[in-house]
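> Whenever a hint applies, use it, and build me the whole structure from the sequences.
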Amino acid sequence: LVWIDCETTGLTDTDKLLEIAVIITDDNLNIVAEGPNLIINQPKEIMSRMDKWCTEQHEKSGLTAAVLTSEISTEEACNQVLQFIKQHIPQPRRGILAGSSVHFDKKFLEREMTPVVNHLHYRIIDVSTIKELSKRWFPGEYKKLPEKVGTHRALKDIKDSIRELQFYRDTVFKRT
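Just so you know, the sequence shown maps onto residues 1 to 176 in this note's numbering.
Source of the hints: derived by calculation from the structure; they are not laboratory data.
Within a straight-line C-alpha distance of at most 20 Å, the following computed SDA-like cross-link-like pairs (lysine to any residue) qualify:
#1 K106 to I124
#2 K86 to R123
#3 K159 to T129
#4 K86 to V117
#5 K156 to L38
#6 K148 to R163
#7 K16 to H103
Pair ranges (Cβ atoms, derived):
#8 F138 to Q80: 30 to 40 Å
#9 K148 to G10: 17 to 27 Å
#10 E34 to R94: 16 to 26 Å
#11 A65 to T171: 36 to 46 Å
Note that the structure is a prediction, hence the values are computed from the model and not measured. For each residue, glycine too, the CB sits at the ideal point set by N, CA and C.
Structure follows, in structure tokens:
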């Protein structure tokens, strides 16, 4: 599984990637490799267009300052991410994209890192879907979900998502 999380300047088609992190796990959610955690440079002009939530969140987390001083371009980040994925999953269309609300990340990847998406399988594993189903169908188990520790930074958010899926595997998808 190819776990990817992105931080962005917002939610629209004109917004940009700010940070991307990648972790590869096996099918049992054991971490095989922790990949690049890259901060992508964006000019002040782009950063100044962020909405209030993004401005406050990224300032608080330190991401804004890191973006403005980063020397990594989107193209360079794409190359590093793709190289890392190919190192662990060389065959095209085998790695399954995983994460929380990962369709959001995939939308940005399709636009800004097309080679990465083209190397991955078309299927995704979205932890937020399992979360919503568990909340509705298994409310007792859902209430036991541990609190997330993420700070809207890509690497911590991925680790939260992996832990969350491990929780659902162990409590909702019990072996009989």
